[in-house]
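Asks: Based on the provided sequences and hints, a complete structural model is requested.
Protein chains: 8
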Amino acid sequence: MRETLAALEAGEIGVEEAESRLAGYATTDAGRFDAARERRRGIPEAILAEGKTPAEVAALAATALDTTGRALVTRADEATATAVASAVGDAETDPTVDRDERTGTVVVHAAGFETPSLDAAVAVVAAGTADAPVAGEAAVVASEVGAAVDRVDDVGVANLDRILDQVDRIREADVVVVAAGREGALPTVVAGLVDAPVIALPVSTGYGVGGEGVAALEGALQSCSVLTTVNVDAGFVAGAQAGLIARAVDAARTE
Amino acid sequence: MRETLAALEAGEIGVEEAESRLAGYATTDAGRFDAARERRRGIPEAILAEGKTPAEVAALAATALDTTGRALVTRADEATATAVASAVGDAETDPTVDRDERTGTVVVHAAGFETPSLDAAVAVVAAGTADAPVAGEAAVVASEVGAAVDRVDDVGVANLDRILDQVDRIREADVVVVAAGREGALPTVVAGLVDAPVIALPVSTGYGVGGEGVAALEGALQSCSVLTTVNVDAGFVAGAQAGLIARAVDAARTE
Amino acid sequence: MRETLAALEAGEIGVEEAESRLAGYATTDAGRFDAARERRRGIPEAILAEGKTPAEVAALAATALDTTGRALVTRADEATATAVASAVGDAETDPTVDRDERTGTVVVHAAGFETPSLDAAVAVVAAGTADAPVAGEAAVVASEVGAAVDRVDDVGVANLDRILDQVDRIREADVVVVAAGREGALPTVVAGLVDAPVIALPVSTGYGVGGEGVAALEGALQSCSVLTTVNVDAGFVAGAQAGLIARAVDAARTE
Amino acid sequence: MRETLAALEAGEIGVEEAESRLAGYATTDAGRFDAARERRRGIPEAILAEGKTPAEVAALAATALDTTGRALVTRADEATATAVASAVGDAETDPTVDRDERTGTVVVHAAGFETPSLDAAVAVVAAGTADAPVAGEAAVVASEVGAAVDRVDDVGVANLDRILDQVDRIREADVVVVAAGREGALPTVVAGLVDAPVIALPVSTGYGVGGEGVAALEGALQSCSVLTTVNVDAGFVAGAQAGLIARAVDAARTE
Amino acid sequence: MRETLAALEAGEIGVEEAESRLAGYATTDAGRFDAARERRRGIPEAILAEGKTPAEVAALAATALDTTGRALVTRADEATATAVASAVGDAETDPTVDRDERTGTVVVHAAGFETPSLDAAVAVVAAGTADAPVAGEAAVVASEVGAAVDRVDDVGVANLDRILDQVDRIREADVVVVAAGREGALPTVVAGLVDAPVIALPVSTGYGVGGEGVAALEGALQSCSVLTTVNVDAGFVAGAQAGLIARAVDAARTE
Amino acid sequence: MRETLAALEAGEIGVEEAESRLAGYATTDAGRFDAARERRRGIPEAILAEGKTPAEVAALAATALDTTGRALVTRADEATATAVASAVGDAETDPTVDRDERTGTVVVHAAGFETPSLDAAVAVVAAGTADAPVAGEAAVVASEVGAAVDRVDDVGVANLDRILDQVDRIREADVVVVAAGREGALPTVVAGLVDAPVIALPVSTGYGVGGEGVAALEGALQSCSVLTTVNVDAGFVAGAQAGLIARAVDAARTE
Amino acid sequence: MRETLAALEAGEIGVEEAESRLAGYATTDAGRFDAARERRRGIPEAILAEGKTPAEVAALAATALDTTGRALVTRADEATATAVASAVGDAETDPTVDRDERTGTVVVHAAGFETPSLDAAVAVVAAGTADAPVAGEAAVVASEVGAAVDRVDDVGVANLDRILDQVDRIREADVVVVAAGREGALPTVVAGLVDAPVIALPVSTGYGVGGEGVAALEGALQSCSVLTTVNVDAGFVAGAQAGLIARAVDAARTE
Amino acid sequence: MRETLAALEAGEIGVEEAESRLAGYATTDAGRFDAARERRRGIPEAILAEGKTPAEVAALAATALDTTGRALVTRADEATATAVASAVGDAETDPTVDRDERTGTVVVHAAGFETPSLDAAVAVVAAGTADAPVAGEAAVVASEVGAAVDRVDDVGVANLDRILDQVDRIREADVVVVAAGREGALPTVVAGLVDAPVIALPVSTGYGVGGEGVAALEGALQSCSVLTTVNVDAGFVAGAQAGLIARAVDAARTE
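Chains as they are written, first to last, in this note's numbering: chain F, 1 to 255; chain D, 256 to 510; chain P, 511 to 765; chain R, 766 to 1020; chain X, 1021 to 1275; chain C, 1276 to 1530; chain Z, 1531 to 1785; chain H, 1786 to 2040.
Hints listed in this document are in silico derivations from the structure and should not be mistaken for laboratory results.
Ideal placement from N, C-alpha and C gives every residue a C-beta, glycine not left out.
Fair warning: there could be bad hints in the mix.
Said to hold, decoys possible - Label pairs and their calculated CB-CB ranges:
1) C/Thr-1390 x H/Gly-1874: 55 to 65 Å
2) R/Thr-818 x Z/Gly-1581: 47 to 57 Å
3) X/Arg-1191 x C/Arg-1446: 27 to 37 Å
4) X/Asp-1114 x D/Ala-310: 54 to 64 Å
5) P/Ala-589 x Z/Gly-1581: 51 to 61 Å
6) Z/Glu-1785 x C/Thr-1371: 28 to 38 Å
Said to hold, decoys possible - Sample of chain C residues with no beta-carbon within 12 Å of chain R, all distances over it, derived:
7) Glu-1284
8) Thr-1357
9) Glu-1367
10) Ala-1385
11) Val-1442
Unchecked claim - According to the in silico footprint, chain X covers these stretches of chain C (three or more CB under 8 Å from chain X):
12) 1433-1440
13) 1458-1468
14) 1474-1484
15) 1488-1500
Replies: This is the structure we're talking about:
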């Protein structure tokens, strides 16, 4: 809050903007940025790059960095990532910029920014090659919330040995995200093998009837194992919910 | 054919009816019965009881018995089963009538009728209690075609041990039918474990979005294992196709 | 396990049944009962009464009581509840039978059965009168898992004061289930107001396009707040997942 | 009418065209333009640019300007806007051309054209950044009908404080349009807070199941508050209907 | 408010109930009744009888009568209507009970209750016989809000003369509700003929693809005339929204 | 047939090709061309350009010209039209090539080819500008079958005067095709005004729910007037069916 | 018209009713009856019994008989048929009442009523037993319009010989209606075999995905043969459209 | 296995990779390649090129060639095919590379690789030109499994003579794949004509409602003949399942 008031005093922002920031959001040309979200639920506000111009994303990212010490951009193509890097490059905070090429996620941290570190683990499990990018988005988000993330890839049910080999490892997590497209059988199988809560993350693979992740989502909704689900390709939501559960576990552990 | 001609000579049927029978179908008040189907593909013509009155079903069953030596009625309630038993009771062929209560299937055999006996095995696998009746319909049909049928029940993927315990047994079959509702993961898992062709048989369990077997059917269509599928609850079709494959194998074995 | 072996020794059950029970499930005429589920995930196996005869449900409930010390029946009409009470009435365990009329849930506990007691709280929030039964099913299941359950009813968003009045109370829970039908706006609003993980529970109210809970489910999948969802009317799944999270929190608290 | 007859007399148009214009529509190469619509309902005929070439749009706009003194083009890209500006540049009426870049709306007024000025107010409320362009289209249309328009942006329900802060302002309007995509909870919340009639304007945001505005539309149809809705992205219709209501209120005020 | 406090003083209700009523809703065994809704928007809270027992509806109606001086029940069968009449029969307010048989609407007014009387008119237009009950529900609600209601029946577009004959009459209304099922062409035709705002009310007639009102609803959403719509069979919502517009017009007239 | 035999004798084609042609279809690299269709039903085989390369279309067109004296290509872009013109340019038959730019239809006639001339009329009615190209495809096909075609454009129901002005003209036709997108009310209105059989031709206009012609198609299926329909944008089918009816009428007239 | 005026003079009906009848429709308690429809298109107005009480149907039938000399009731159960017979029993016209039990169609003719007799033939073809009732409805309607109707049953494509045997017979018709459910292949096959226009009549058989006639309807819309279609089970519409075509042919023949 | 160990010994791969390969899959940068699939079911693992970069596909193909002696790439455009050819060009195994242009299938065989040769035949039947590529994919896969493949093209039901001409040829196969789009009637017709098991392969042709192969798939699910189906365009699955059946027949023949 002090920074906002200082900026007001210094004439860098007006009264209206100060009021907005204190109310929990800041304004850029591309719309308001919800800085308060992080304070409320511990989840960084993600900037979905799809449907925005590189310039709009960069402006939102700069605001996020300015108000919360970091920025999280999802589904950014190369042009957008470059625009973000350039926009935050001159920041006094001397930030680091990391882009994961396969997921299109860009993470910006102000120098000295400390990611929370929770005493709780999230396993992010993916069925096949095509499911990995969406799983990766979930993993980045859970990491930013502060969870210890363990990724387990290529364990689709077409060859059961793969998943059976990894069960012990998955059982060590406090919460499990399972990404799968096509028929989406993996979340059901995993939820039958572990004790922790399982979140299904359907992926938009598959063509024809039930394609684009629909069969996978319906399979999660109909699962004969206990699990909850997010929408198709909603890696951010799955990672954030896993992060919230990890935060609850961490809080209980450190009470 | 001789019987038809004899019946014509004896004045029991008219010329038109004789012509119809020779062309491969017989007429009752409830419509034509396709006696030729059995000759063409080795699959007994099934009489679907749903949407017909007990009297209509009984008339069709009597015609079937008369023209092919047996009758197969599916989804018959008790009243229909009784009507069939009564209708065929006076037949000169002194038939046997078997009804499976859970599937509602009624099988009538003329005395002395010999069910074909194929040198080929069909495994009919079901995920849970609710899937058993539909699986049962498939099993009866495959049996009537002549296959040796082995039923494996209650091996849903929510508890993988169940299916893993039965893999060796299922591997002995020449073709496998796998019935499952809800999320329908079982056919995908089984097709990843066996060498024989697998036919998915989605079952109309589950409520809400993807319920009534839709998720299970879409899961079969999107399966990352190799398999083909029939429509929801189409036990007759799954059993008949398994029977056709068993016939092909039997024919090859006995060449 | 000892009981199973004793029952075998005593000739009450055969070898095959003993083997099945040790493998984690018991057989009744109505199919196998998965006793191991409770051991695996701490969630009692629920017996869905819909689509089964009262006699089938009663047999499964008796088996559940016998093998796990309790039985949980969902969506039971009065006839089924009576059949269950009668079936377990003679049990040596002298069980108690509780039926919640509005939800149709029946809980049977053997005398001396101790429900687990977790140091973790679940809030179950419902939008309107019509949402209460489904919310109630979730509440019963979470209670049986051992969570402390707080029910908050009639806080639909058509009158925001209702929900704003209850926010402090809801914030005390470690995990929140929010049941709503029609347009299903409540889970999104609640997830914007609390820090704990939120599970949406869409309810099959509403008619016309988007009715039967479809709009509510799609609203949860599209929510601009972070939350996960279960299928329409899946009170059991929502309560069980909340219970799993409560177990994780309880385990962390008591480490 | 006089202008039409004068044009006929001057030989600028033929008899057939004159007859058409008097019957209420004019012909260009791209089809007939319904000039009478403005006379009938006070709503300017909008020219939807999508699916037409820049030349076709420009021709229709020139006819609109010619026959009604103004032109309203929606969803125009830059090329189309340029074509329109160029086409009407030579008009004797010396028109002004305004283009709103985010909504793609182009408004052309003949010099001296007086937009109606109604004594009635329309509030146009939008949930988030992505909803603003569609809301903007509604606002432009309502303005052209003559209403006093107040735009309230970025008040999505994920942070209730935003909307609660603006309620008094919204309550001053005679009719309210509420644009929201994703889960579309905002129209329901607003309709619970104000007395005026509310029109929901679903926006095609969101991906996966219920995406592209479907969940938002179904949420409006299922709303537990009283409101009516238009189709996804139908900013023109929402703005025009709000304008019709404003006209009714204005007429009553000035009786 | 005085009545609530008096009831509290008299010991007829407890403190908690008094608080609830002052907060705007009262509690019965069947859930809370939103008495404040009438004060907020002038629309009586309707009690949808479908899915509730006669006793539940009667209890809610008695509370409504008690707290607001009237009760409005929709889709009540005869048993429910009787239960309501009986439940309110002993009320000190000596109420009148009117039931419209075709729509199933029951209106209860306390003796001396004065329905608001607005200086504004609503036309309720119906295409065919099957559309009349749903239109009737809209008409009753608009009347209860206080509008002067004119019903125009049997003017479906299969015979255009019918609707053309009634145009002058419909044009006298300040707002128009148009009920139609099947292909739902009538709202589009009417909105092309009148100046007032039009609300489409799709009706669940028609079978096969697009049946149950779906084609009519989609036709309203796609209309090439300006109009807004409610969900299929949502007579209450259409009537209430028409009432809100009538209230706005009345307020302007009487300023 | 003589030409085929002559070509065989001349060595221009092989025996297999001759046999194919006599059996009613000719082979090109892009597949078989069904020359017999014209002989069977009087409808020229249309070559749908969408999804084929210009070269493939040109080859099929050349075969069509060669075997039937004409070629009809639908949905051809400019490149395809050019390829066709070039491919048939060298033909000994010295054909004429006509392309309708708005519909993308290309008609090629061998010099001296005589289009059949039926004593029967088809009216092709279109609601708006966007419906005209699809209507145009129907008109071209009906013309090629030999009907006298009268096109009536821009008579959408948003302004009833337009269609009422043209009723007498439409009543002169023996069969009527009515093209409309959006809500598709026009076919229902027209079928209520004329005696001749009406064929609805839904057009893929409109966005959001019910868009892309779905509402228009469902409106035709649900119409309260008597009419039949073709699929969305199926101008060829509508024109061909109208042509078949015109042929039947012509045959009756000339008996 | 004279009868109406006489009834007015005799005081049997009032001025308003007389005016209505002359305008083309009569009023009963169950709504208006469109007597003019018959005059306009030669199609008797059908009274759909589904969703109406026997008394309502009987009243409409009596009015129909009174104003047009006949009545056509579709989908009447036995109670409705009895009510109709009883209602028209006392009519001075001494009518005949025919009910087809399988289709539920009831035809009432005043004594001396002469059904039109057209010089044109309609073939009504049905695939299987379950398709016959819907086909029957079409046949009755076409007969009432006056066409010579030939019914061809049980010619489904599972046994091609059946349909090939009947081709010559079907080719004698001027227009062909083809009823089929399940996969609905028959209309496509027939349209490939005959020259006359073909109308597909999808039937609501089949279960699971694509069931209830949906696959059959979509098959007609996608047919690679030229045909038009009506909605699922719309026997009346198919028969009436066939009748309209027959009328056009008859008119041409008798010019 | 020896090769893997040799590669390990030679230091070409690490211990982890060796372990993976022995467990049945190999790792490339683009994910794991399931080499064990071929050993398990005799079906070569196909690399679906869609959604992968040419480089990713080439890497997977090289791994496949390395571990199984061949590679099968489906839906490869020219750039991908070139990348594959280039990537395997330097392999010591001196492979052959065959690309089918119409199907986009690329087959790579190491020098000396012997495709299995089964004593069993697969017929691959296609309705029209547009169905041939998908059918071709099935044919290539069945060939690679080792079946003798006979392709029968252009036998759509719009002209029954075509398919009747080819029946004897199709009857010689042990299993039949039938590819068809649009209304998809061909699989039903073929299954009524032959004794062997039939697999429907719906193709994504057709536009409007039921387009993109949906009507064809639903037609297969609803077929009144016995057959099973795969998803739309799933040529690989159809060919692989046919191959599995051929393998079963071959095994029986050679016992």
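Asks: Can you give the numbers of the hints that this structure goes against, from lowest to highest?
Replies: Per hint list: single violation, 5.
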